[in-house]
Each structure stands twice: as structure tokens, then as C-alpha cells.
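There are 2 protein chains.
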Amino acid sequence: MNRHLVPAVSALAVIVTFSAAAAAQEMKPDRAIKYRQGILQAMGWNMGVLGAMVKGEIPYDKDKAVRSATFIGELAQMPFDGFVPGSETGAPTKAKPDIWKERAKFDKLAQAMQAETLKLVAAAKTGDVAQLRTAAGATGKACSNCHDDFRNK
Amino acid sequence: MNRHLVPAVSALAVIVTFSAAAAAQEMKPDRAIKYRQGILQAMGWNMGVLGAMVKGEIPYDKDKAVRSATFIGELAQMPFDGFVPGSETGAPTKAKPDIWKERAKFDKLAQAMQAETLKLVAAAKTGDVAQLRTAAGATGKACSNCHDDFRNK
Numbered sequence: 003m004n005r006h007l008v009p010a011v012s013a014l015a016v017i018v019t020f021s022a023a024a025a026a027q028e029m030k031p032d033r034a035i036k037y038r039q040g041i042l043q044a045m046g047w048n049m050g051v052l053g054a055m056v057k058g059e060i061p062y063d064k065d066k067a068v069r070s071a072t073f074i075g076e077l078a079q080m081p082f083d084g085f086v087p088g089s090e091t092g093a094p095t096k097a098k099p100d101i102w103k104e105r106a107k108f109d110k111l112a113q114a115m116q117a118e119t120l121k122l123v124a125a126a127k128t129g130d131v132a133q134l135r136t137a138a139g140a141t142g143k144a145c146s147n148c149h150d151d152f153r154n155k
Numbered sequence: 003m004n005r006h007l008v009p010a011v012s013a014l015a016v017i018v019t020f021s022a023a024a025a026a027q028e029m030k031p032d033r034a035i036k037y038r039q040g041i042l043q044a045m046g047w048n049m050g051v052l053g054a055m056v057k058g059e060i061p062y063d064k065d066k067a068v069r070s071a072t073f074i075g076e077l078a079q080m081p082f083d084g085f086v087p088g089s090e091t092g093a094p095t096k097a098k099p100d101i102w103k104e105r106a107k108f109d110k111l112a113q114a115m116q117a118e119t120l121k122l123v124a125a126a127k128t129g130d131v132a133q134l135r136t137a138a139g140a141t142g143k144a145c146s147n148c149h150d151d152f153r154n155k
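The listed protein sequences correspond, in order, to chains A and B. Just so you know, we're using this note's numbering here: the first sequence kicks off at 3 and counts up by one. Just so you know, we're using this note's numbering here: the second sequence kicks off at 3 and counts up by one.
It is possible that some hints are incorrect.
Note: identical chains are not told apart, hence a pair may lie in one copy or across any two.
[To be verified] In silico SDA-like pairs for lysine to any residue, Cα to Cα no more than 25 Å straight-line: (1) 64 with 98; (2) 66 with 88; (3) 30 with 95; (4) 64 with 150; (5) 30 with 82.
In case anyone wonders, no lab produced these hints; they're calculated from the structure. All values derive from a computational prediction rather than experimental measurement.
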């Protein structure tokens, strides 16, 4: 094969692989469940960093706080793409079927959480630990407000 | 209990829960492995959307393309936090131990991928499918460049 063709062919192979995945994800609940779980656990990881920082378990570090808060704010926009109809089952999930029966309520709690994460980013950027603590608490509360109603233990 | 105290107590409980998770994630490779896998599969999901779009398998939609490209660009900054020393094992993983033996090479491939995702976001924003196709191919190639060397089949 002409060696100049190799990169183009490889790139095409990658797109083919990814689009096969896309076709599957349009239909299969297990992919949607794993998607939302991946995003939500990454949010939890970064919330853990901030939680440890505001409690003094790890040293306060403004750059790390901004980094984790920014990631949380970005990730907060993503998980709801994975709560597609039919994904009540298909893989192990703690999501309650009520999500799809009371979608407006679920969406409202989701939006409230997203709004808190924007405040969290702003608080982290101030460099003031007290503001970070308040905002992290409010964000955590917004997470648990939804978990209380829509996530099984 | 004074009802005005309840929100503060609940928020504190949430922080305690999250910081317990943080303490664990500092040490336990399984958490790091799940973190990076969650991020990487979310990148794959969104690459799948773009792949299907540039191949015409799903209708081209500029807003959706920008959304997925933006998510990919944001997510691209995140997974490497999960490649902590000691996380060669601890949960099922395709990551090769070479990552920790040739870290500079791995990091260089990671940075090259991150750079491609920024071009991907810019290409998506042009609204030109041809530019999106080229950038998606280049991003996919940057993904596979690293997978080829550092991910088991």
C-alpha cells in the first residue's frame, strides 16, 4: 500500500469503528446506562476532591479546586443524554423507573444541579475556601435532592 | 431539630460522603480505573455521534455536532487524572503497563489528542461538514495512535 495513504485509511477505520458504536448507542440501553454512570461517577470523583479540600483532609489548592469545579460544571451538562427512554433496564442501574414517569420533575432537579455547578465554578475562582465550602455544599445538596427521589440505594 | 439547621446538616452529610469517596480514590486503583474508563467511553460515545454524522448515517445537525465536539474537547482534559501510579491493575483494564514505563511518550500522545479535539471544536463550529469530517478523522487517529501503543485489544 502507498504509505501516504495509510494515515487516511487509518482515520477512516477509526470513524467506521466509532460510527458503529453510535448506531448501537442510539438503540441499546446498556450503552446509555454506562454513559451516564461514567459521567456521574466522574462528577463524584471531582466532588470528592473539593469535599476533602473544604474539610481540610487534603491541602487547599486553588488551582486544583478550579480544575475540579470546572470539570464538574462541564460534566453536569452531559449525563442526561444517557437517560434515554427504555434505559430503565438493560444493565445494572440504580435509576428508578420514576425518572421516565415524572420526567419534568427529574429535569427540573437536573437543571437546578447544573445551576449550582456554575456557582461552584465561580466560588472556586474566588480563592476563598469559605465560599468554596458553601458552594460545594449546595452542589452536593442538589445532587442528593435528585438521588433521594430518583436513585435506588 | 431546628428546621433551619436541616439544610446545613444535609449539605454537610453530602460533603462527608463525597470526601470519604475522595480519600478512597486517592489510594485505590479500582476507582482510578473506573474514572478514566467512564471519561474515555463518554468521549467514544460523542465521537460516535460525529462519526455517524460525517458518514451520513444520521442527519447532519450543526448544534448537535458542536455539542458533541465541545463535550469531547472538555472530556479530553480529564481521563489522565485516572492513570495514577499503581493503577496498572485493580479492576479490569485494557491499559498496558507500558503507560507507566514510558510515561513521557504516553503524555505526548495524550497532549496530541487534546490538541486535535480543540481543532475538532473549531471545525464543528464552522458548520462545514467537510471540515468536521477531516477533524473527526484526525481526532480519531489521535485516539488510535495511543490505543495502538498503550491499550490491549
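Tested hints:
Taking identical chains as interchangeable, the C-alpha atoms of residue 64 and residue 98 are never at most 25 Å apart, the minima being 37 Å within one chain and 33 Å between chains. When the C-alpha separation of residue 66 and residue 88 is checked against a cutoff of 25 Å, the pair qualifies only between copies, where the shortest distance is 22 Å, while the shortest distance within a copy is 38 Å. In the homo-oligomer, the alpha carbons of residue 30 and residue 95 lie at most 25 Å apart both inside one protomer (14 Å) and across protomers (23 Å), since each shortest distance falls under that limit. Proximity of residue 64 to residue 150 under the C-alpha cut-off of 25 Å is found in neither arrangement, the shortest distances being 31 Å within a copy and 36 Å between copies.
Taking identical chains as interchangeable, the C-alpha atoms of residue 30 and residue 82 lie at most 25 Å apart only when both belong to the same chain, with a minimum of 16 Å there against 28 Å between chains.
Hint compliance for this structure: hints 1 and 4 are not met, and every other hint is.
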